[in-house]
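Turn these sequences into a full structure, and let the hints guide you.
Quick mapping for you: the protein sequence lines, in order, are chains A and B.
The numbering of the first sequence is this note's numbering, which starts it at 1 and goes up by one.
The numbering of the second sequence is this note's numbering, which starts it at 1 and goes up by one.
Keep in mind that the hints were calculated from the coordinates and are not lab data.
Heads up, some of the hints might be wrong.
If the Cβ cut is set under 10 Å, some of the chain B residues that face chain A in the computed set are [what the hints assert, rightly or not]:
| no. | residue |
| --- | --- |
| 1 | Y28 |
| 2 | V32 |
| 3 | Q67 |
| 4 | H139 |
| 5 | T302 |
A virtual CB, placed ideally from N, CA and C, is assigned to each residue, including glycine.
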Amino acid sequence: MAENAETAEITAERIPTVIVDDVDIVYRVNGTGAGRGTATAALNRILGGRRKAEARAGVRTVHAVRKVSFTAYKGEAIGLIGTNGSGKSTLLKAVAGLLPTENGRIFTHGQPSLLGVNAALMNDLTGERNVHLGGLAMGMSREEVRERYDDIVGFSGINEKGDFITLPMRTYSSGMAARLRFSIAAAKDHDVLLIDEALATGDRSFQKRSEDRIRELRKEAGTVFLVSHNNKSIRDTCDRVLWLERGELRMDGPTDEVLEAYEAFTNPKAGKAEPKKQTKVSVPA
Amino acid sequence: MSQALDTPSPPAAPSAPAEDPAVLAARYGLTVSGARPTLPAYVGQLWQRRHFITAFATAKLTSQYSQAKLGQVWQVATPLLNAAVYYFIFGVLMGTKRNVPDYVPFLVTGVFVWTFTQSSVMAGTRAISGSLGLVRALHFPRASLPISYCLQQLQQLLFSMCALFVILLCFGVPPALSWVLVIPALTLQFTFNTGLALVMARMGAKTPDIAQLMPFLLRTWMYVSGVMWSIDKMLSGKDLPHIVLVLLQANPAAIYIDLMRFALIDSFHASQLPPHVWLWATGWALLSGVGGFIYFWKAEETYGRG
Numbered sequence: 001m002a003e004n005a006e007t008a009e010i011t012a013e014r015i016p017t018v019i020v021d022d023v024d025i026v027y028r029v030n031g032t033g034a035g036r037g038t039a040t041a042a043l044n045r046i047l048g049g050r051r052k053a054e055a056r057a058g059v060r061t062v063h064a065v066r067k068v069s070f071t072a073y074k075g076e077a078i079g080l081i082g083t084n085g086s087g088k089s090t091l092l093k094a095v096a097g098l099l100p101t102e103n104g105r106i107f108t109h110g111q112p113s114l115l116g117v118n119a120a121l122m123n124d125l126t127g128e129r130n131v132h133l134g135g136l137a138m139g140m141s142r143e144e145v146r147e148r149y150d151d152i153v154g155f156s157g158i159n160e161k162g163d164f165i166t167l168p169m170r171t172y173s174s175g176m177a178a179r180l181r182f183s184i185a186a187a188k189d190h191d192v193l194l195i196d197e198a199l200a201t202g203d204r205s206f207q208k209r210s211e212d213r214i215r216e217l218r219k220e221a222g223t224v225f226l227v228s229h230n231n232k233s234i235r236d237t238c239d240r241v242l243w244l245e246r247g248e249l250r251m252d253g254p255t256d257e258v259l260e261a262y263e264a265f266t267n268p269k270a271g272k273a274e275p276k277k278q279t280k281v282s283v284p285a
Numbered sequence: 001m002s003q004a005l006d007t008p009s010p011p012a013a014p015s016a017p018a019e020d021p022a023v024l025a026a027r028y029g030l031t032v033s034g035a036r037p038t039l040p041a042y043v044g045q046l047w048q049r050r051h052f053i054t055a056f057a058t059a060k061l062t063s064q065y066s067q068a069k070l071g072q073v074w075q076v077a078t079p080l081l082n083a084a085v086y087y088f089i090f091g092v093l094m095g096t097k098r099n100v101p102d103y104v105p106f107l108v109t110g111v112f113v114w115t116f117t118q119s120s121v122m123a124g125t126r127a128i129s130g131s132l133g134l135v136r137a138l139h140f141p142r143a144s145l146p147i148s149y150c151l152q153q154l155q156q157l158l159f160s161m162c163a164l165f166v167i168l169l170c171f172g173v174p175p176a177l178s179w180v181l182v183i184p185a186l187t188l189q190f191t192f193n194t195g196l197a198l199v200m201a202r203m204g205a206k207t208p209d210i211a212q213l214m215p216f217l218l219r220t221w222m223y224v225s226g227v228m229w230s231i232d233k234m235l236s237g238k239d240l241p242h243i244v245l246v247l248l249q250a251n252p253a254a255i256y257i258d259l260m261r262f263a264l265i266d267s268f269h270a271s272q273l274p275p276h277v278w279l280w281a282t283g284w285a286l287l288s289g290v291g292g293f294i295y296f297w298k299a300e301e302t303y304g305r306g
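Encoded structure:
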């Protein structure tokens with residue numbers, strides 16, 4: 001995969017597919033802190049100036065992503081790494097156009113799609129109905145869903161142990177449900193594909209199949225973003241890595257370099273004490 | 001915080017040195033992510049998702065009773081039980097029925113038609129705020145959700161209508177050609193409800209507290225809409241100010257209820273309908289449908305955020 005991308009870079013002009021320009025993302029959370037309980041605080045929130053009231057009445061702001069800029073090009077597979085709560089998933093959702101940016105802008109080629117249909121599926125419906133519903137929710141036409149139905153069910157392997165696809169999803173084991181969800185989500189081809197830790201689902205053989213499918217999707221898609229805590233799957237699939245820490249873009253570069261620095265950061269006492277002297281990295285913000 | 005980068009961002013820097021991102025984006029035809037589409041484009045997107053809208057409504061409807069032993073029987077049993085309760089309270093205990101011929105069909109029609117509007121508004125209020133997971137996970141025109149919820153209520157009403165036809169026949173109301181009027185009446189009411197649900201969806205998305213307030217507003221609205229009593233009979237012989245009369249008669253819920261009664265019950269005569277009733281019904285439907293849609297679309301890019 002890496003060779004493919006590199007040759008493409010050398011021969012053809014690099015075509016940007018996602019441009020993130022100085023983006024901040026802020027969450028507002030209602031009713032946190034001390035303000036919530038008291039009636040006066042709630043009144044303050046309703047009356048009076050919004051900002052002041054927000055500060056007083058327990059609306060807290062969480063600055064999840066700070067001034068991040070990067071440009072992604074066609075044919076790249078980009079890994080997003082960082083400790084929990086560092087803003088990886090938030091950034092991904094903003095690229096997908098599902099979260100607003102407080103400042104800055106995100107330009108994209110076509111409509112990037114987040115790989116995931118969990119929320120569209122209903123536990124009380126049969127697997128079969130959920131395949132249809134999930135496909136339609138992702139924007140496939142009825143014919144497309146019908147065409148791919150057998151592939152989806154086959155890929156998920158739900159029917160390997162009997163006719164489970166006609167049972168309600170609430171009867172599935174969590175692993176089976178996760179497999180079906182991934183299979184539905186991965187059934188569509190995308191221009192820009194965003195994957196949020198989807199590789200960790202299912203048993204070993206299914207993980208293998210998922211990784212293959214992601215490679216396939218990457219070939220068809222212009223650009224793939226992958227959020228994962230599994231450094232191995234990042235190394236296997238990505239040729240460029242963005243490292244986010246506390247919402248800030250800490251590092252952006254080839255997979256090996258960034259992962260090395262990241263591993264040194266998360267596990268500072270691990271023997272081979274910082275091969276390159278990277279003072280800024282090892283100082284926690 | 002680009003100064004915090006250790007390596008001076010190797011892939012991005014060499015090819016395009018400090019080009020303005022907006023210019024670069026324009027050159028390659030990139031568009032701003034999550035921007036609101038134009039109104040015609042939005043309608044187009046919505047049309048593309050029509051199968052999702054219907055599939056989502058049906059899925060919601062069938063999953064509702066899927067854990068119950070009696071299953072889909074509840075689709076018909078629930079409205080029937082509802083009607084029975086209202087009959088017991090208003091027909092037997094309070095004796096409202098004395099002035100109204102065919103009181104049971106009169107009451108049941110009113111309850112079913114009102115429930116359609118009521119539950120559409122309630123579902124609309126929660127359409128966005130209750131489906132945040134879906135809104136935050138997938139990209140689709142958000143109006144799909146309130147419309148889909150209203151469609152679910154319409155399907156529910158059609159089940160109720162089956163029960164209603166049985167009740168009508170049991171109470172000796174003969175089938176008539178005027179029953180066909182049910183179709184335009186329901187179409188108009190559905191448009192009205194959807195518009196209202198779209199308005200409530202936007203308000204409920206911004207201020208979830210509205211969902212707590214709505215039951216009270218809706219109950220008040222129900223009592224002035226003549227669900228259990230005949231506005232016409234109640235008003236005759238009373239000397240009310242003209243404005244109150246006009247307001248009571250222009251109330252869209254009352255209009256849709258009376259239209260349905262006029263269509264179904266032969267003892268409910270045209271003289272009991274307010275003047276220009278079909279015009280009113282169409283006007284309310286258009287005002288609410290078009291206005292609600294535009295109002296909802298205006299905030300399209302803000303749903304599911306923050």
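Evaluation of the provided hints:
Contact between Y28 of chain B and chain A, as hinted, is supported at the beta carbon level, the nearest pair being about 5 Å apart and thus within 10 Å. Taking 10 Å as the C-beta contact cut-off toward chain A, the hint placing V32 of chain B at the interface holds, the least distance being around 6 Å. Interface restraint check for Q67 of chain B: the shortest CB-CB distance to chain A comes to about 7 Å, inside 10 Å, so the restraint holds. Interface hint at H139 of chain B: satisfied, since its Cβ lies 6 Å from the closest Cβ of chain A, which is below the 10 Å cut-off.
With a least beta-carbon distance of about 7 Å to chain A, the hint placing T302 of chain B at the interface is held under the 10 Å criterion.
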